[in-house]
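From first to last, the protein sequence lines stand for chains X and G.
Its first residue numbered 1, the first sequence is counted upward by one per residue in the numbering used here.
Its first residue numbered 1, the second sequence is counted upward by one per residue in the numbering used here.
Some hints here could point you the wrong way.
Using 20 Å as the maximum straight-line C-alpha spacing, the simulated DMTMM-like pairs for lysine to aspartate or glutamate come out as follows [claimed, not checked]:
| # | chain 1 | residue 1 | chain 2 | residue 2 |
| --- | --- | --- | --- | --- |
| 1 | G | 3 | X | 136 |
| 2 | X | 135 | X | 167 |
| 3 | G | 3 | X | 96 |
Derived by calculation from the structure, the hints in this document are not laboratory data.
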Amino acid sequence: MIHLNNIDKYYDSKFQRTFVLKAVNLEVKEGEFVSIMGPSGSGKSTLLNIIGLLDAPSAGEYSLYDKSVLDLKEKAKVDYHRNFMGFIFQAYHLIEEMTVYENIETPLIYKGVKSRDRQAMVADLLDRFNMVAKKDLFPQQLSGGQQQLVGIARAIIGKPKLLLADEPTGNLQSVQGEMIMETLQQLNNEGMTIIQVTHNEKFAEYGKRIIRLEDGIIRKDVASKIVFSI
Amino acid sequence: MLKHYIKIAFRNLFRQKRLALINILGLSIGLACFSLFSLFTVNEFSFDRFNAKASRIYRVYDWWSFSDRQGSEPSSATPLGPAMKQDLAEVEDFVRINSAGEKLIRTGNQINRIKVSFADPQLFSIFTFPLIEGNAATALESPKHIVLTRDKAIQLFGKTDVVGRTVEIRTGDQFEPFEVGAVAENIPVNSSIRFDILGNFNYVLNSDYGRASINDWNMTIGISVYVLLHEKSKLMNETARLAEFRQKYFPGETEKNNDGSPTNGFGLQPLPDVHTGVNIDKWGASDPKNSWILISIAIGVLLIACINFITLAISRSAGRSKEVGIRKVIGGHRYQLIYQFLSESLLLSVISAVIGLILGYALLPFFNELSGRSLSFSFSQYPEMIGILSGIVLLVGLISGIYPALAISGFQPSEVLKRKLRFSGSNFFTKSLVSFQFVLSIGLIISMVVIMRQLAFMRSKDLGFYKENVVMIDTQSLDIQKNYPVFKQTLKSESSLLGIAGSVIGLGNGEGQMGRGYKFENRVETVIEYPIDYDFLEVLGMQLVAGRNFNPEIASDAISSVIVNETLVRNALGTNPEEALGKEFTSGKEGNRKVIIGVTRDFNFEDLTRTVRSQMFLFPSNFKPNALFVRINPGDPSKALAVLTAAWKTISSDLPIKYSFLDQKFDDFYQKEKRWSNIVAWAGGICIFLACMGLVGLTSLAVINRSTEIGIRKVNGARISEVMAMLNRDFVKWVAIAFVIATPIAWYAMHKWLESFAYKTELSWWIFALAGLLALGIALLTVSWQSWKAATRNPVEALKYE
Chain X
1 MIHLNNIDKY
11 YDSKFQRTFV
21 LKAVNLEVKE
31 GEFVSIMGPS
41 GSGKSTLLNI
51 IGLLDAPSAG
61 EYSLYDKSVL
71 DLKEKAKVDY
81 HRNFMGFIFQ
91 AYHLIEEMTV
101 YENIETPLIY
111 KGVKSRDRQA
121 MVADLLDRFN
131 MVAKKDLFPQ
141 QLSGGQQQLV
151 GIARAIIGKP
161 KLLLADEPTG
171 NLQSVQGEMI
181 METLQQLNNE
191 GMTIIQVTHN
201 EKFAEYGKRI
211 IRLEDGIIRK
221 DVASKIVFSI
Chain G
1 MLKHYIKIAF
11 RNLFRQKRLA
21 LINILGLSIG
31 LACFSLFSLF
41 TVNEFSFDRF
51 NAKASRIYRV
61 YDWWSFSDRQ
71 GSEPSSATPL
81 GPAMKQDLAE
91 VEDFVRINSA
101 GEKLIRTGNQ
111 INRIKVSFAD
121 PQLFSIFTFP
131 LIEGNAATAL
141 ESPKHIVLTR
151 DKAIQLFGKT
161 DVVGRTVEIR
171 TGDQFEPFEV
181 GAVAENIPVN
191 SSIRFDILGN
201 FNYVLNSDYG
211 RASINDWNMT
221 IGISVYVLLH
231 EKSKLMNETA
241 RLAEFRQKYF
251 PGETEKNNDG
261 SPTNGFGLQP
271 LPDVHTGVNI
281 DKWGASDPKN
291 SWILISIAIG
301 VLLIACINFI
311 TLAISRSAGR
321 SKEVGIRKVI
331 GGHRYQLIYQ
341 FLSESLLLSV
351 ISAVIGLILG
361 YALLPFFNEL
371 SGRSLSFSFS
381 QYPEMIGILS
391 GIVLLVGLIS
401 GIYPALAISG
411 FQPSEVLKRK
421 LRFSGSNFFT
431 KSLVSFQFVL
441 SIGLIISMVV
451 IMRQLAFMRS
461 KDLGFYKENV
471 VMIDTQSLDI
481 QKNYPVFKQT
491 LKSESSLLGI
501 AGSVIGLGNG
511 EGQMGRGYKF
521 ENRVETVIEY
531 PIDYDFLEVL
541 GMQLVAGRNF
551 NPEIASDAIS
561 SVIVNETLVR
571 NALGTNPEEA
581 LGKEFTSGKE
591 GNRKVIIGVT
601 RDFNFEDLTR
611 TVRSQMFLFP
621 SNFKPNALFV
631 RINPGDPSKA
641 LAVLTAAWKT
651 ISSDLPIKYS
661 FLDQKFDDFY
671 QKEKRWSNIV
681 AWAGGICIFL
691 ACMGLVGLTS
701 LAVINRSTEI
711 GIRKVNGARI
721 SEVMAMLNRD
731 FVKWVAIAFV
741 IATPIAWYAM
751 HKWLESFAYK
761 TELSWWIFAL
771 AGLLALGIAL
781 LTVSWQSWKA
791 ATRNPVEALK
801 YE
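Use the sequences and the hints to build the structure in full.
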């Protein structure tokens, strides 16, 4: 599904070129759950942003389903964001002026889904995440774990094929973190491809495959040891 | 989608209450100004269009075009109207209107002063003035019929159902009965033709001077002639036919310009152009330039409010960048974000419009006073206002919203979501906008100071006579033979009055003038004449620079002696006052001989937009005083007024006394300037207020953005004053730049304005310095209010949350 070939990402300053990613090759198949690990500044988030079409590589090739997605027009990128991938962030990044319900609903509005269908879809997800009672609350009124659940709900409401999670548990206590990871794993079991960036060894193990990044270079790319079964 | 945007916009407004308040308040005030000023303008340009036949009605005017002077004059000779109807087939009808002097009106034992105009009866078939009682055919059936307006009927009779009732009008020394033929609806405010009481023009024609004018093409008794043309007529453009018509009645006009064009002629001015046609009627028409100046000021105020919106939105963009990032990541297209931000600014604009309209409606009476109009906020009367206002609301929303929408929607999600993005609060663009606000504010302050200085200058200028502590009594209604001498004698015996003198014409605003051409040794000069009592010069404190005053003992003084002013001596005789004594000149037609017996220092009986003209005093034997000048002691005038009123009562118990203060009458010359200074002062005040509100918003955001920096500086030993200086420096710099830009523009504009006055104040440098300092001071105070709060804050608080 995802094919990265020789991806470089660098910044030029007056005297030198600083590499964030160097000659990264990566292939992710449909249905995989990949954890990207590495120390701060190793380029994890940049890699994720490139995969999520939020950032462009300085060199290299990137194709989705064998179609190059470099030099896409703005409109085509937006279409990928709407229909193909969902994002989860460490800081949740919910819109503070909107309720839980509205936050989850917004991607559907952008997609142009009809009001009645939207209601049904949001209701389904709220139900699934046990958040029906909280649908009219604002993000600040929720715990971190609950906010992240809303974040996940918002990311998957458009039924994306690919879920990109940038340290989804980074701001959470371990119990809540586990709940989030279990949710992700469940989504993966249902067939969703997931790529997560994490610092946490334990949470990385939820993935089926772990990639270790150091100074912009992939040092290790192995299947994870433990395979949880549900 | 729109519902979604509006919901979010509302929540944003409530979250940022202070910014929302600044924006809404600013835009409301701006829109209130705009709605009032555009109402004024729409009214100016709507004049006379309510007449159903407006497109076919023309005012006839006289024009002259010599190589050295051009001009036109809208008052016509009495026989013009009938002659046009008779000679020119397309002239369907004509009406002569003689407007309007105030007259004493008696109904029962109640006496009022009301203006009385006269017109041919066909006025009601040419113009659209609906009658609420009576009908057009019989409204002015006979010369003794009159038409009242609704208001006047109610004032005189307490009701409108008064056809057939009698109204007495004072003419000469007695009251003459007239019959009410009809009652008209009140005249719309946007009508050039106005009357309170309308008499039949035939009544004027039956008077001595009216009869004399009937066949005289060379004089006017102050009438305007309007003609109604046939549907397809092109007469207004057929100069040849108008010239032919003129030739018939002015066979003596054979003079031609060098290029063969005629030097005099008749012209037809479309009725809708009459009100603003300054090219035809320089003194009577209302200059449309004023409307445009007002609209420009209103647009300036609106622009300042829009700029507040823009600068605040940009400064706040850091706060909204996260939202933009999220929306983009979850599939929002940039144009959808632009729509969202635009709908927010439009929503704000609509809310402000509602508040602004309410504000404008509430301020209308005040504005009417300020502008000297009596406008009403009526969308049915001014349907154009609906379009203008909705257009401006839309425009304001777009102008305010478009730049922030484009700037903010352009953020890249990968940057704003990951990094802690900080903006310095404002950029070059927003700061130049702030400068622009202050350019307007400072410019208006300078203009206001200059206008006020010019007003003060004109009021305090030595006019060459006493205008303070002089009461002018209207004696037109007194019987000259019997009452006047008695009244004057009674007042003379009062020791509390310092002097009494009569004159045929009053002085100051709204009084008439007489003048005619005289033949001097080698040239003809127009001289303004003032027939006066022999003691007039002394009572008004006018100085003789040569010769002597009139003397009632000398018989020739009442026949040929005149006292002239220095200007006449200089212009007409080209000599000095001493030499001028004894010189003679004659009136052009009759050949009456005048001998100069005295020369006065120059004096300004006219307003100070004009230079002193050639003027002279006469002391005629058939002296009929219409005004009596009484000099009283300085201080509280009430005692002197009581004496005057008591004396008046003894000789004329049935008529009320009418007096005015001379200095007031001269001040009244400058009502227009006073209005402008008020309007400019208000606009300037509003501008600077709005600009400062914007500054409050900007500094408070800058302070939030720099709170860590301030904290670190303080921890490292910066003093409060240093922190404040750091925060204030930026804003002060931009106000200073504004001052540099505003000064030459304002200087130029005010220089132009002062050119219309013959006597003017100087544009001293301190006016500009004062305006600059004022703006700077206000800006500094505003900014310091916020920066003080930031600078005195405990640095630990700011650093704790990092």
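Going through the hints against the structure:
no.: 1; hint: 3(G) to 136(X); in the structure: holds, 17 Å
no.: 2; hint: 135(X) to 167(X); in the structure: violated, 25 Å
no.: 3; hint: 3(G) to 96(X); in the structure: holds, 18 Å
Checked against the numbered hints given earlier, this structure breaks only hint 2.
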